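Since the structure of chain L is already known, use the hints to place chain Y on it.
So you can see what is in the structure, the chains are spelled out below.
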Amino acid sequence: MKTWFGVLLATGVAISLPANAAGVAPGTQINNTATVDYTVSGVSYSNTTTLNTVTVDELIDVTVTWQNGAPVQVQPGATDQSLLFRVTNTGNGTEAFTLAVAANLSNDQFDPANARIYFDSDASGDFSVGDVLYAPGSNDPVLASGASVDVLIVSDIPGSVVDGNRAFARLKAASNTFTGNPGQLRHGAGDGGVDAVLGHSGGKAADKGEYMVANSPFLIMQRSAKVTDPKGGDLPVSGATILYTIKVTPTGISSANSALVTDAIPANTTYVPGSLTLNGTALGDGTGDGDPGDFNVTTPGSITVDLGALAATASAQLVTFKVQIN
Amino acid sequence: MKRSTLINGLSLAAALAATSVLAAAPSLDLVTTVQQVKTTTDAKGVQHSQVVPMDKALPGAELVYTITYHNIGKQPAGDVAVNDPIPEHTVYVPGSAEGAGMDITFSIDGGKTWGKPEELKVHNADGTTSDAQAKDYTNIHWVLKGKLAPGASGTVSFHTVLQ
Chain L
1 MKTWFGVLLA TGVAISLPAN AAGVAPGTQI NNTATVDYTV SGVSYSNTTT LNTVTVDELI
61 DVTVTWQNGA PVQVQPGATD QSLLFRVTNT GNGTEAFTLA VAANLSNDQF DPANARIYFD
121 SDASGDFSVG DVLYAPGSND PVLASGASVD VLIVSDIPGS VVDGNRAFAR LKAASNTFTG
181 NPGQLRHGAG DGGVDAVLGH SGGKAADKGE YMVANSPFLI MQRSAKVTDP KGGDLPVSGA
241 TILYTIKVTP TGISSANSAL VTDAIPANTT YVPGSLTLNG TALGDGTGDG DPGDFNVTTP
301 GSITVDLGAL AATASAQLVT FKVQIN
Chain Y
1 MKRSTLINGL SLAAALAATS VLAAAPSLDL VTTVQQVKTT TDAKGVQHSQ VVPMDKALPG
61 AELVYTITYH NIGKQPAGDV AVNDPIPEHT VYVPGSAEGA GMDITFSIDG GKTWGKPEEL
121 KVHNADGTTS DAQAKDYTNI HWVLKGKLAP GASGTVSFHT VLQ
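From first to last, the protein sequence lines are chains L and Y. Sequential numbering from 1 applies to the first sequence in the working numbering. Sequential numbering from 1 applies to the second sequence in the working numbering.
Pulled out of the complex, with its shape left as it was, chain L reads as follows (with noise of 0.2 Å):
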């Protein structure tokens, strides 16, 4: 078992190696030793040859794999905001590869602006400061035999998208000596002068990756009412009050910079009076009482209780209030 070691050269490309490198080095001789060992009249002769010389070729593929797994989500007008692929070299020699990103494509509803394609130096995922920028034939990345490297398209999001909106950008990898058809062989374009064969990939490979817009967040109401009515029972009589429950609960991944509950009062009922609470603590009528939440003043004929700016992650928002059946 061979041990290999992540490789980090100066242009600050970091470059992983996997233990299963894809195949003989080209170049590698094949050699065959055959013995023949007989008898004749009772004495031992052995005939050895050594022949057969095969030489190993350099075989050329690669892959490209996008690697989020899901679309990455983005915010409109938002800035390097970036794709994850692996290029991989599964040829048994080593590589330069050119890459390209191609972010104008079809069935999607908008194009990521300024595509970039940056190494992922830090290993982070993500594109960070200290990532180094991509630029063909300067530093192309050189990749032994199965050693693969992590690159970034790096792109900004319109501000004109809405939620839902998907965008599809591709990185691309392609074989600096040759491209072409499965099979084609180039003579002597190999490591050290071997020929060099195309494998299944033709030398190129390509993946897309997904952006995909979500801006607002998901806030999920939920009520309930519990009636009481004057003899204790849970009868919708005259007299009877009900106490309805506004259950708000943030979801999804972006704040919610104003959170306004309005619920109104339902026909035949009337509010009762400093009744209304939120998360357990009562609430005056009035505005300019120094809290969220008001009867019949912002909202004719309802309460209206402002949550204000809600994180995705905050817990849920509990408002009560009670009215009497008339």
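Be aware that a few hints might be false.
[Claimed, not checked] Residues of chain L placed beyond 12 Å of chain Y at every Cβ, according to the derived structure:
| no. | residue |
| --- | --- |
| 1 | Glu58 |
| 2 | Tyr118 |
| 3 | Asp122 |
| 4 | Arg170 |
| 5 | Glu210 |
| 6 | Ala225 |
[To be verified] Cross-link-like lysine to aspartate or glutamate pairs, in silico, EDC-like; alpha carbons within 16 Å at most:
| no. | chain 1 | residue 1 | chain 2 | residue 2 |
| --- | --- | --- | --- | --- |
| 7 | L | Lys172 | L | Asp207 |
| 8 | L | Lys322 | L | Asp195 |
| 9 | Y | Lys147 | L | Asp234 |
| 10 | Y | Lys56 | L | Asp195 |
| 11 | L | Lys322 | L | Asp229 |
| 12 | Y | Lys121 | Y | Asp136 |
| 13 | Y | Lys145 | L | Asp37 |
| 14 | Y | Lys121 | Y | Asp131 |
| 15 | Y | Lys56 | L | Asp191 |
| 16 | Y | Lys135 | Y | Asp109 |
| 17 | Y | Lys38 | Y | Glu62 |
| 18 | Y | Lys145 | Y | Asp103 |
Calculated from the structure, these hints are not laboratory results. Owing to the predicted nature of the structure, the values given are computational and were not obtained by experimental measurement. Glycine is no exception: its CB is placed at the ideal position from the N, C-alpha and C atoms.
Same frame as chain L, now just chain Y:
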């Protein structure tokens, strides 16, 4: 006592000329060749395999080694046994060793011990044993039943996959 002659197919003439003292000695000539199995798929999707000459190969190639032995002496040869180590960087293709009139055995320890495939066991680190896998094979041994008459010849062969 064992004597060794260095005669093979390619250098036969030179060897005979240079070693005239051995010219009358009995001898088995040995020639090995290597070819590659090429698989093509026709328009109907049917795969066809053929064996073609080669001197270059890619990882994954199936190599066919053929060894021809030829009694160029004037007396019959007995106890004829061909031994071929599996070439480095290749893995034996199970069931591929052939040789008419030959007993074929294999080694997984570089030729110290021999056995039929079902007899070959690998000793694991935990003390257990398990059936040898193709990658464990190190040598193939063919033993001819009976004698090889003067002028007679035969072939043995096996397949390996280039790693």
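Status of each hint after checking the structure:
no.	hint	verdict
1	Glu58	8 Å, violated
2	Tyr118	32 Å, holds
3	Asp122	34 Å, holds
4	Arg170	29 Å, holds
5	Glu210	34 Å, holds
6	Ala225	68 Å, holds
7	Lys172(L) - Asp207(L)	7 Å, holds
8	Lys322(L) - Asp195(L)	85 Å, violated
9	Lys147(Y) - Asp234(L)	109 Å, violated
10	Lys56(Y) - Asp195(L)	8 Å, holds
11	Lys322(L) - Asp229(L)	13 Å, holds
12	Lys121(Y) - Asp136(Y)	10 Å, holds
13	Lys145(Y) - Asp37(L)	14 Å, holds
14	Lys121(Y) - Asp131(Y)	5 Å, holds
15	Lys56(Y) - Asp191(L)	14 Å, holds
16	Lys135(Y) - Asp109(Y)	12 Å, holds
17	Lys38(Y) - Glu62(Y)	8 Å, holds
18	Lys145(Y) - Asp103(Y)	7 Å, holds
Hint compliance for this structure: hints 1, 8, 9 are broken, all remaining hints hold.
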